[in-house]
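Those protein sequences? They're chains A and B, same order as listed.
Read the first sequence against this note's numbering and you will find it ends at 416, with the numbers running on by one and no gaps.
Read the second sequence against this note's numbering and you will find it ends at 674, with the numbers running on by one and no gaps.
Note that these hints are calculated values from the structure, not bench results.
Heads up, a few of these hints could be off.
[Unchecked claim] Below, computed lysine-lysine pairings styled on DSSO-like, alpha-carbon distance capped at 30 Å:
no., chain 1, residue 1, chain 2, residue 2
1, A, Lys200, B, Lys601
2, B, Lys506, A, Lys304
3, B, Lys661, A, Lys292
4, A, Lys304, B, Lys661
5, B, Lys506, A, Lys292
6, B, Lys460, B, Lys661
[Unchecked claim] FRET-style restraints, in silico, Cβ to Cβ:
no., chain 1, residue 1, chain 2, residue 2, range
7, A, Leu17, B, Asp656, 36 to 42 Å
8, B, Val653, A, Leu323, 29 to 35 Å
9, A, Tyr288, B, Thr567, 39 to 45 Å
10, A, Pro75, B, Gln623, 50 to 56 Å
Here a beta-carbon is modelled for each residue, glycine too, at the ideal position from N, C-alpha and C.
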Amino acid sequence: MSPDIVVHGAEWTVKELFVYPNEFIYWSIQIVMYPYMTGLVAGAFVLSSLYHVFGQKDLKEIAQFSLVFSLALLPVAALPLLLHLQQPTRAIEPLLTPHFTSAIAAFGIVFSTYGLIVVSEIWFVYRQYFVQQVEFLKTQPGLGNAMKRQVYRVLTMGAYDVSQPALAIDHRMAKILAAIGIPVACFLHGYAGFIFGSVKANALWMSPLMPVIFIMSAVVSGIALCMLTYIVIMESQAFLKRRRGGALQATEIRGAEKEIISKATRYLLGFLVAAISLEMLDLIFRGYTAMKSWDILRSVMYGKDFINIFVLQYTLGNLVPFLLLLLPGRTLKRTVVALILVLFGVFMMRWNVVIGGQAFSLSFSGYMHYHIPIIPHSIETFKEGLFGALTVAATPFVLFWIINKFVPSLRRDVST
Amino acid sequence: MSCSRRDFLKQSVAGAVAAAAVPAACTVIFLEPGEAEAAVEGKKLRWTFLVDTTKCVGCGFCVDACKTENEIPYDAPVSRTWVERYVVTKDGQTHIDSPNAGRDGYTTGEIRGETIDPADIDKAFFVPKLCNQCDNPPCVQVCPVGATFQTEDGVVLVDRDWCIGCGYCVMACPYGVRFFHPITKTAEKCTFCYHRITEGLQAACVQACPFGARQMGNMEDPDDPVTKIIMTERVQVLKDEYGTKPSVFYLGLDERVR
Numbered sequence: 001m002s003p004d005i006v007v008h009g010a011e012w013t014v015k016e017l018f019v020y021p022n023e024f025i026y027w028s029i030q031i032v033m034y035p036y037m038t039g040l041v042a043g044a045f046v047l048s049s050l051y052h053v054f055g056q057k058d059l060k061e062i063a064q065f066s067l068v069f070s071l072a073l074l075p076v077a078a079l080p081l082l083l084h085l086q087q088p089t090r091a092i093e094p095l096l097t098p099h100f101t102s103a104i105a106a107f108g109i110v111f112s113t114y115g116l117i118v119v120s121e122i123w124f125v126y127r128q129y130f131v132q133q134v135e136f137l138k139t140q141p142g143l144g145n146a147m148k149r150q151v152y153r154v155l156t157m158g159a160y161d162v163s164q165p166a167l168a169i170d171h172r173m174a175k176i177l178a179a180i181g182i183p184v185a186c187f188l189h190g191y192a193g194f195i196f197g198s199v200k201a202n203a204l205w206m207s208p209l210m211p212v213i214f215i216m217s218a219v220v221s222g223i224a225l226c227m228l229t230y231i232v233i234m235e236s237q238a239f240l241k242r243r244r245g246g247a248l249q250a251t252e253i254r255g256a257e258k259e260i261i262s263k264a265t266r267y268l269l270g271f272l273v274a275a276i277s278l279e280m281l282d283l284i285f286r287g288y289t290a291m292k293s294w295d296i297l298r299s300v301m302y303g304k305d306f307i308n309i310f311v312l313q314y315t316l317g318n319l320v321p322f323l324l325l326l327l328p329g330r331t332l333k334r335t336v337v338a339l340i341l342v343l344f345g346v347f348m349m350r351w352n353v354v355i356g357g358q359a360f361s362l363s364f365s366g367y368m369h370y371h372i373p374i375i376p377h378s379i380e381t382f383k384e385g386l387f388g389a390l391t392v393a394a395t396p397f398v399l400f401w402i403i404n405k406f407v408p409s410l411r412r413d414v415s416t
Numbered sequence: 417m418s419c420s421r422r423d424f425l426k427q428s429v430a431g432a433v434a435a436a437a438v439p440a441a442c443t444v445i446f447l448e449p450g451e452a453e454a455a456v457e458g459k460k461l462r463w464t465f466l467v468d469t470t471k472c473v474g475c476g477f478c479v480d481a482c483k484t485e486n487e488i489p490y491d492a493p494v495s496r497t498w499v500e501r502y503v504v505t506k507d508g509q510t511h512i513d514s515p516n517a518g519r520d521g522y523t524t525g526e527i528r529g530e531t532i533d534p535a536d537i538d539k540a541f542f543v544p545k546l547c548n549q550c551d552n553p554p555c556v557q558v559c560p561v562g563a564t565f566q567t568e569d570g571v572v573l574v575d576r577d578w579c580i581g582c583g584y585c586v587m588a589c590p591y592g593v594r595f596f597h598p599i600t601k602t603a604e605k606c607t608f609c610y611h612r613i614t615e616g617l618q619a620a621c622v623q624a625c626p627f628g629a630r631q632m633g634n635m636e637d638p639d640d641p642v643t644k645i646i647m648t649e650r651v652q653v654l655k656d657e658y659g660t661k662p663s664v665f666y667l668g669l670d671e672r673v674r
């Protein structure tokens, strides 16, 4: 075979027993990353809405951060899809000629609707701050400040009214948008679950529970990532301030707030219980009904993927952090460990759904093993390899760093 | 006027001969595909495929012809059609393989590195596979851009200029017939050789089969010999449980066929 002829999937698929000739692991690591990142977006938004809509005041600080962080995560939810497409230059086509019987066709519409909601909500929350900055930077010398002021002028979009009635409208609008955002966020992610759950050809994926399981685990992962990033940023800021010594007032040297962490942990645990219950229900139901596909599913779940599913996902990713968060005397360090494990657990869940769903042949007579490309030697092995996945995972933090320069989500002097 | 495709082919040949003598008869062979279609079956056409597994000897000529005709890289491990070998041994085990999609023919008794003693074999047979051109195609349902579509005569095609390469159709097909073309990087599948059948030719695999294990016909024509077999004999389709309503029918299908 000539070296430039590459069959998509052949690079990382190892077949065992009888597998149809055209079967390969076509949906690889980027399709694991796609629901994972979408889940983080949705989860982050739901966490922020707990404050904005349901008035959970003690979540105020993390809510503001979550909202901005969900904006940073948003473009990254589409990135894995773009990296996965065999024809990425045609990525706009689902918007141009959407074929609405396909779950993917709605992606562009749901995704942009959701994006507009997040951006508008942030604008209403931060408009007062933008106006203040335009006024403040007027008095500051230097080209940098002048340029920054221009950015803020654009961000205000000409709305300089910061009177009480105007701010009250801002506040109400943010609340309304947050309320609309919750179902849209759930829809955004629920339909990611639908993409898998509706594939009748795939015995592991096909389940009406799939969208609900995806939403629950999305909220779990979103809350966990927001809590983790919040703790890391607040603690590192406090650490740096402490090191400089003396220059700051003691009140400013504050790390992560204990109450915020406790409250968010309670929500996290609630959603975690819901997610695991649904997954267990799905598993028990499959075993009990024992349809034609059960033999091969059982051999994959209890055999080939046992470590991935029962050790890494359920034990290390669900049970251990559940105990770590629930047992009394929780410390910040223990919480951090638990949160990392929760994130890992949700990632493994996505992995076990996407890769696990392709671990067996449609003939039910053979298996396929996925070997993720580590060292890339072509664009394809980069895009659909470890480094492609790491690029996707790192991008939201870079975006957050940039966005946070203009929309400070972690400063306590910014009121909402 | 109603006549079978076979009659039409005969008439076309006759017409071509006549054309040499009577220029007016030339119109018969210079019809556009759509016009030819209309002329064939009084405008009603629904392509169907019949695989007689009892006639298949596993020579692989069909796979070879398909790869060449449809420009699927010859040595790439993907194919629009393939032939599976089933060997059922006395211990009740089913051994299945399809090396190189069966392209090179089955010439040894070795299955995936294991040689089976002929004395241990209860039964063995070959099953040719291709796109089932489902009446209710899941691949068409899931295509987000409408790049894959169903023609009026029941064939599912892919528009290579519009496919975004998301792979959803590949995942949605219960028969595993779809793959990505290694050169065009778009979804690829058997088209029943649509470019040939609409010109009055046989599909490449049908033409290449020396034993008549593969045949095509028009389901809308009750006089079509293939339709007659499907309507009068005990035929089966693959994976009926998915509700896809395949247009490919099988004779002599074993319950072990996957």
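Right, here's what the structure says about each hint:
Distance check on the hinted pair: Lys200(A) and Lys601(B) sit about 25 Å apart at the alpha-carbon level, within 30 Å; holds. Proposed proximity of Lys506(B) and Lys304(A) is supported: the alpha carbons are some 28 Å apart, at most 30 Å. For the hint pairing Lys661(B) with Lys292(A), the CA-to-CA distance comes to about 19 Å; that is within 30 Å, so the pair holds. For the hint linking Lys304(A) to Lys661(B), the alpha-carbon distance of about 33 Å lies beyond 30 Å, and the restraint is violated.
Of the supplied pair hints, the one linking Lys506(B) and Lys292(A) holds, its CA atoms being roughly 23 Å apart against a limit of 30 Å. A distance of roughly 19 Å separates the Cα atoms of Lys460(B) and Lys661(B); the hinted pair therefore holds under the 30 Å criterion. The supplied range of 36 to 42 Å is broken by Leu17(A) and Asp656(B), whose beta-carbon atoms lie about 24 Å from each other. In this structure the hint that Val653(B) and Leu323(A) lie 29 to 35 Å apart at CB is violated, the actual value being about 52 Å.
A C-beta distance of roughly 43 Å is found between Tyr288(A) and Thr567(B), which places it inside the suggested range of 39 to 45 Å. Against the hinted window of 50 to 56 Å, the Cβ-Cβ separation of Pro75(A) and Gln623(B) comes to about 52 Å, which satisfies the hint.
The structure does not agree with the numbered hints 4, 7 and 8 stated previously, though it agrees with the rest.
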